[in-house]
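A.B. asks: In order, the protein sequences belong to chains A and B.
Take the first sequence: its position 152, counting from 1, is numbered 284 in this note's numbering, and each next residue is one higher.
Take the second sequence: its position 415, counting from 1, is numbered 610 in this note's numbering, and each next residue is one higher.
Hint data in this document are derived by calculation from the structure and do not stem from the laboratory.
We treat Cβ as the ideally placed atom computed from N, Cα and C, and that holds for glycine.
Hints are supplied without guarantee of correctness; some may be wrong.
Said to hold, decoys possible - FRET-style restraints, in silico, Cβ to Cβ:
1) M133(A) x V231(B): 33 to 43 Å
2) M235(B) x P276(A): 25 to 35 Å
3) M235(B) x K181(A): 24 to 34 Å
4) G225(A) x S622(B): 30 to 40 Å
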Amino acid sequence: MRAYLLKRLLLMIPTLVGITLVTYGIVRLAPGDPIEAMIRSQTGDINPKVMKENSDRIRQRLGLIEYHYLRDAVDRAWGAEEVQGRGTRVLRGAAVAVDKFYGIFLGYGRWIGHLARGDFGESIKYRTSSGSRNPLHLIVERIPVTATLNVISEIFIFFIAIPVGLAAAQYKGKWVDWGSSFVLLGLWSIPVILAGTVLLGFLGKGGMGWSLFPVAGLHAPDYEKYGFGRYFADLLWHSALPVVCLTYGGLAYLAKLGRASLLENLRADYVRTARAKGLPERRVVYHHALRNSLLPMITTMVLTLPGLIGGSIVVETIFSLPGMGLLYIGAARAYDLSVLMAETLIYGFLVLLFLIIGDILYAWADPRIRYE
Amino acid sequence: MAGGLPTFTPDQMGGTLRRNFNAEPQTLNPLCTKDVYGGMVNDYIFESLIERDFDTLEWQGLLADKWEVSPDGKIITFHLDPRAKFSDGRPVTADDVLFTYETMMNPGVDCRAAASYFEDCQKCEKVDERTIRFVWKKTYFKSLETSNLGVLPKHVYQFKDPNEFNKISDRLVGSGPYRFQQWKTGQQIVLVRNPNYWRRQPAFDRVTFRFILEDQAAVQALRAGELDEVAVPPEWWAKLQKEPGFREKFQMLRYRAPGGGYRYIAWNNARPLFADKRVRRAMTQLIWREQLMKYMRYGIGTVISGPFWTKSAQYDQGVKPWPYDRAAALRLLKEAGWEDRDGDGWLENAEGKRFEFEFSSVAASQEVRDMARIMSEEFRRAGIQMHVRAYEWSVFVTKLDNRDYDAIMLGWGGGGVEEDPYQIWHSSEIADRGSNHVGFKNAEADRLIEEARMTLDEKRRNDLYHRFHRLLHEEQPYTFMWQGESLIVLSPRIKGVQVHPLGLDWREWWIGKAAAEREEGVP
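With the hints as extra help, turn the sequences into a complete structure.
C.D. replies: Here is the structure:
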């Protein structure tokens, strides 16, 4: 088991390298010139000399240097692009591609080098409340927002979906079964953007219905003055609508899983034996079958844990929540490479880690499974 | 301006002005903000040497109480008001102005865009403690406006390494009426009254900027009394106009201030298809701008015939936009050699080539894509095939730089009370990826632009601009679509609101002591 674990942990390293390299490559290969597009959208159209100066500076700072060794060599050998024949042009195209990949690998190598020294780089778009532009600090500041919402919603999902799923299995084919299935699948098919807007309009303050919940943010503007009790109540009050948005769609999956899992166990031999022994039905279901059917659900839940820090872009936008989703999409739009890479690395690491934990839990819960 | 602003009674003082940004600023650097939001915050904290009167648009003193422009316009001297001081009590001196200039011009400071306006500035020099002089190499009517810097205190911002300065993202100290207090990520920015302010105090104790990203949420926050001011898009404006009782309760302000920019369609003049001005005019006359504006923008905006701010003296009111007229357009096209020769419903030229072109749009803009659909239908009925293609912004910009397009729809932002069309229309700006991406090349236009730049007399200069405006109207390198309007909804508790030609001046506003005491959730 220990050898297996070690092997799995070591395997994480090449996997992470792969994940980050692909991400880095995709960002670098994005068509057009993202740096100039970014400068232009920030400062309006500016004079080309200034543009060049600015974009060179940013490229330099981000380590996004382009190389033209091979291309220039081709041009030197066969003259400028305009006078080259078709064959040379193909060769030139290949040279440009090789140069591009060379630049990507070099840039990636530089990123790894900085990372090894604990340097995640600097965000060009975001800063923390204390003014830091370190991507790690940015992520740490935003994780609580996303995690708070996701943890609350995950608890709701767990305590609603599992009882419903089990009840559906127990009364298979009865109205509880098809009724719950109808409702949950119905909820699952409502787009979050619609649900969020409707909730905001009908339950949010200043809306068309009842002015019950705040419309933006996770705290009141003066929350820093609150004591713990009031702070917590304020937090719950602010998270109500976003949590509903994050919860309703996730119910169906877990409920269906619970139903299938319990049904499978109810058909198993050991349950028939228990019934044959004359145990009361309650005891058969809740003591014997239920325990075994919870196992796959727990491992499923574990695998969703890294998702807790992956924010929902839609929910965060509708309710103006400064979470991980907005950070990721904002960084992607602004070509904020250091933030994108830090997020990819951390998220990738957590997913891999929880995959291992999930497998271990599985083995621990089910004695039939052994890892060598 | 000291004369224009009200003096508040003690009962009118106090409270918080609660504004909203629909995105968080990237940085609050005193000199080099990267978006409009940073600039809006800076307006409360820093002051410039002079400013424009909100009604007459004339220059009047701010940090400088007197200024002189030499007859050739090359030497501009500012005399600082002896009362002017920063929020820490230190006086505003010529050294501070010089420091601001030198910081901006420092090649290591991330401020190259602003610095580029000073390319023709020979020097900025300190004459004495309270006098500063800008010397320009050329006579240029905008030199006074360009020399008008927002002044930073040298003793606060002095640096050795320019990167130190670039990294400032929330240290704001100026001579303005407010001081920076806090910027909480995802929450808000808080400014508080500068008790040492050297001029008349404004009414509010605090100014806050929340970051509510969704228009609907922002409008609801305004309705719930959590915000005092919300800028809304046209569809929300139309919706709120129709809502019973809303117009009576809230202050809905709609005005056309400078800086709003305009929208246009550029017909690549370098492409053979659009090289003929008759074809370009025909394209304009096939676009029913009034109708598009009515349906796509809820009728908010003004259809224009040229690039200047419609309320400025530069804009020639006598030049009316070409009307929508398919018959006239078809006539023009026929003159230019385009007609349906084989009866297939499409126009062809003498060589039998069909009239078709690509209309490139930015993928993210739903509005442009919708308009493109409507326009392509209109063109189809005239026998012109328009292929609509959407590109990512970064690809789009590259196409623009390489002049690799037939037609595009875009908007120019900004623009001031007075504009210099040089950057967009002069033929020297075609090369090197300059802003004349449409490839407009006209000797007469070049001459008018050059002459106007050096003409200090306003009347004569505007005559030149009127001629330039007419010329553009004839040539139609762009189809000028429309200028937008600012749409602002204010809470009923804000008093003293007036709409000026220059827009809204928050310094006139107040809520009063009674309303201030009812405020909740003050940070």
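A.B. asks: Next step is simple, just say for each hint if it's right about the structure.
C.D. replies: Going down the list of hints, with the structure as the test:
1. M133(A) x V231(B): 33 to 43 Å: violated (59 Å)
2. M235(B) x P276(A): 25 to 35 Å: holds (29 Å)
3. M235(B) x K181(A): 24 to 34 Å: holds (28 Å)
4. G225(A) x S622(B): 30 to 40 Å: holds (34 Å)
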